[in-house]
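Number of protein chains: 2
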Amino acid sequence: MDKIRIGIVGYGNLGRGAEASVKLQPDMELIGVFSRRKGIKTVSGVPAYTMDEMLNFKGKIDVMILCGGSATDLIEQTPAVAAHFTCIDSFDTHPRITEHFNNVDKAAKAAGTAALISCGWDPGMFSLQRVFAEAILPQGKSYTFWGRGVSQGHSDAIRRIDGVVDARQYTVPKDKYLNAIRNGEMPEVTGQEAHLRDCYVVAAEGADKARIENEIKTMKNYFVGYETVVHFISQEELDRDHKGIPHGGFVLRSGESTPGTKHVVEYRLQLDSNPEFTGSVLTAYARGLNRLAKHKATGAFTVFDIPPAWISVHSDEELRAHSL
Amino acid sequence: MDKIRIGIVGYGNLGRGAEASVKLQPDMELIGVFSRRKGIKTVSGVPAYTMDEMLNFKGKIDVMILCGGSATDLIEQTPAVAAHFTCIDSFDTHPRITEHFNNVDKAAKAAGTAALISCGWDPGMFSLQRVFAEAILPQGKSYTFWGRGVSQGHSDAIRRIDGVVDARQYTVPKDKYLNAIRNGEMPEVTGQEAHLRDCYVVAAEGADKARIENEIKTMKNYFVGYETVVHFISQEELDRDHKGIPHGGFVLRSGESTPGTKHVVEYRLQLDSNPEFTGSVLTAYARGLNRLAKHKATGAFTVFDIPPAWISVHSDEELRAHSL
Chain A
1 MDKIRIGIVG
11 YGNLGRGAEA
21 SVKLQPDMEL
31 IGVFSRRKGI
41 KTVSGVPAYT
51 MDEMLNFKGK
61 IDVMILCGGS
71 ATDLIEQTPA
81 VAAHFTCIDS
91 FDTHPRITEH
101 FNNVDKAAKA
111 AGTAALISCG
121 WDPGMFSLQR
131 VFAEAILPQG
141 KSYTFWGRGV
151 SQGHSDAIRR
161 IDGVVDARQY
171 TVPKDKYLNA
181 IRNGEMPEVT
191 GQEAHLRDCY
201 VVAAEGADKA
211 RIENEIKTMK
221 NYFVGYETVV
231 HFISQEELDR
241 DHKGIPHGGF
251 VLRSGESTPG
261 TKHVVEYRLQ
271 LDSNPEFTGS
281 VLTAYARGLN
291 RLAKHKATGA
301 FTVFDIPPAW
311 ISVHSDEELR
321 AHSL
Chain B
1 MDKIRIGIVG
11 YGNLGRGAEA
21 SVKLQPDMEL
31 IGVFSRRKGI
41 KTVSGVPAYT
51 MDEMLNFKGK
61 IDVMILCGGS
71 ATDLIEQTPA
81 VAAHFTCIDS
91 FDTHPRITEH
101 FNNVDKAAKA
111 AGTAALISCG
121 WDPGMFSLQR
131 VFAEAILPQG
141 KSYTFWGRGV
151 SQGHSDAIRR
161 IDGVVDARQY
171 TVPKDKYLNA
181 IRNGEMPEVT
191 GQEAHLRDCY
201 VVAAEGADKA
211 RIENEIKTMK
221 NYFVGYETVV
231 HFISQEELDR
241 DHKGIPHGGF
251 VLRSGESTPG
261 TKHVVEYRLQ
271 LDSNPEFTGS
281 VLTAYARGLN
291 RLAKHKATGA
301 FTVFDIPPAW
311 ISVHSDEELR
321 AHSL
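Top line first, the protein sequences correspond to chains A and B.
At the far end of the first sequence sits residue 324, using the UniProt record's numbering, and the numbering has no gaps.
At the far end of the second sequence sits residue 324, using the UniProt record's numbering, and the numbering has no gaps.
Please keep in mind that the hints were generated in silico from the structure rather than gathered at the bench.
Possibly wrong hints are sitting among the right ones.
Said to hold, decoys possible - Not the full set, but computed from the structure, chain A residues with beta-carbon under 7 Å of chain B: (1) Ser118; (2) Pro123; (3) Ser257; (4) His263; (5) Glu276; (6) Phe304.
If you're wondering where the values come from, they're calculated on a predicted model, not measured in any experiment.
All C-beta atoms in this analysis are idealised placements derived from N, C-alpha and C, irrespective of residue type, glycine included.
Could you build all of it, start to finish, from the sequences and the hints given here?
Right, here's the structure in full:
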């Protein structure tokens with residue numbers, strides 16, 4: 001069997017997550033990592049190249065897994081790479097997905113490549129669960145909860161406050177809403193009401209903790225409107241207990257098939273590492289995308305377009321015998 | 001927009017569940033119900049026909065939803081109907097799925113139709129979750145738990161015991177295993193160990209309850225090897241509290257992306273009515289199958305072959321804008 005030849009573009013946490021995941025897939029071969037930085041050493045020992053060297057790999061890499069950040073990198077990088085390679089990204093800036101899709105679609109169609117965008121866990125696996133549950137239960141209500149997990153953006157925002165040395169913010173879904181939905185209720189609840197913001201803060205010696213706590217809780221666009229809890233801890237405690245980047249969440253749909261006959265569908269992810277799981281989803285869908293490309297499909301696609309069998313390493317016969 | 005014209009074959013609990021579900025889908029029209037019995041009255045008022053009249057509807061029905069039982073009906077009915085119509089079933093006799101697939105595939109290919117088999121919640125939605133989670137986390141362990149839900153087969157087996165008037169058996173997954181898996185453990189546990197069999201029994205007046213309880217707990221292939229609990233209740237209590245046909249269950253996968261970095265994926269269904277939810281899955285996939293048939297695909301298929309977008313009533317643009 002010819003292995004699927006993979007390239008990874010971008011080598012931060014997500015790139016390393018994708019690298020680890022490709023190494024677990026028996027039908028894939030990691031050809032190289034492409035980075036803006038020169039001379040990086042990869043975890044697996046696979047060769048690293050600069051972005052400028054990428055075009056030397058035309059015809060030698062089947063799928064490029066793009067591991068840059070959405071806002072700054074992917075919005076330009078995915079169309080640029082799609083002009084030469086079949087590629088996949090985890091673009092997650094929701095309001096710009098349509099714009100990004102159209103840009104990538106145009107570049108990929110012009111080049112005769114296929115590109116899959118917005119493939120991670122949300123957007124990605126959570127999106128799939130929303131589509132499945134809504135198609136099956138058209139009469140009902142869907143909910144998405146995020147966490148318990150680290151929000152990098154909120155952690156950074158706290159760190160910018162005067163007197164803060166370090167900080168970690170967890171987004172935590174409130175059990176009372178989860179349990180109400182599981183019990184067949186359909187609460188009207190906003191994202192602000194549904195989540196708690198749990199903050200672990202290292203203050204500088206002598207800093208005014210009451211002021212810091214107040215600045216956090218009154219920070220617009222980040223904490224105002226949310227129930228926010230602030231814990232002051234030492235740097236040692238933060239390093240010991242809060243260095244991971246766990247995340248996850250829930251997609252639920254509560255619906256009725258006939259009046260009074262209720263069904264609840266729940267999908268839950270508990271992830272020790274957000275970037276490693278996202279990398280794992282990208283890798284599985286790189287397989288599906290490679291199969292799509294072999295069918296001569298060109299343009300932009302999403303997880304909604306890929307038959308589930310195509311992301312599996314197993315044959316259709318094996319899937320029917322063992323997974324159906 | 002031309003509506004998808006649906007026929008329902010078989011009019012027991014599942015047929016009525018499919019009927020209710022079709023009525024909730026704005027892009028579908030229920031043309032008729034086909035039954036072995038003559039002169040039945042349908043819940044929705046849609047016309048009922050006998051099986052013999054089915055061929056009069058060639059070209060007038062886009063998808064037939066087959067709602068018979070697996071063991072007795074579908075094994076013969078699906079290939080027979082596939083010889084004339086695009087059709088979908090919920091065949092769930094696991095050991096015979098390959099045989100059934102091959103029979104249906106042959107009939108459908110010869111006739112130039114498409115047929116989707118084994119489409120419900122297990123097999124069906126649970127199967128999809130197993131494939132997704134295993135593709136994303138190749139290093140790990142998958143678990144399926146059923147319940148809390150009524151097992152018709154086990155309820156019937158209890159009713160055949162001398163001195164039993166009525167009975168209802170619930171299969172209940174044990175929380176200790178669910179919680180262990182959610183905590184990242186990977187217990188080795190058999191299906192017998194993982195489930196409790198909870199029995200509600202109405203005994204005849206003067207019947208020996210100790211003997212009945214003993215006969216239940218020692219019944220081979222049904223209860224031996226399981227933790228079994230027997231409650232004796234009155235017919236009134238059974239009619240009041242145990243007349244529903246709820247079911248559901250869990251698919252979990254616990255896996256690692258790098259050593260020590262764990263992820264847990266959980267999919268849970270809580271269904272007030274097993275046949276109504278199964279009917280709802282069949283209906284959503286009837287939409288996907290209709291689209292597959294429009295692509296001139298012929299032969300047998302499963303849920304693994306259908307791009308998720310195809311089961312949705314929404315356009316690709318809408319899905320990207322609102323569900324991704």
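Going down the list of hints, with the structure as the test:
1. Ser118: 5 Å, holds
2. Pro123: 5 Å, holds
3. Ser257: This hint holds: serine 257(A) lies near chain B, its Cβ roughly 4 Å from the closest one there, short of 7 Å.
4. His263: Holds, because the Cβ-Cβ distance from histidine 263(A) to chain B comes to roughly 5 Å (cut-off 7 Å).
5. Glu276: Check passed: Cβ of glutamate 276(A) comes within 4 Å of chain B, closer than 7 Å.
6. Phe304: Holds, about 4 Å.
Checked against the numbered hints given earlier, this structure breaks none of them.
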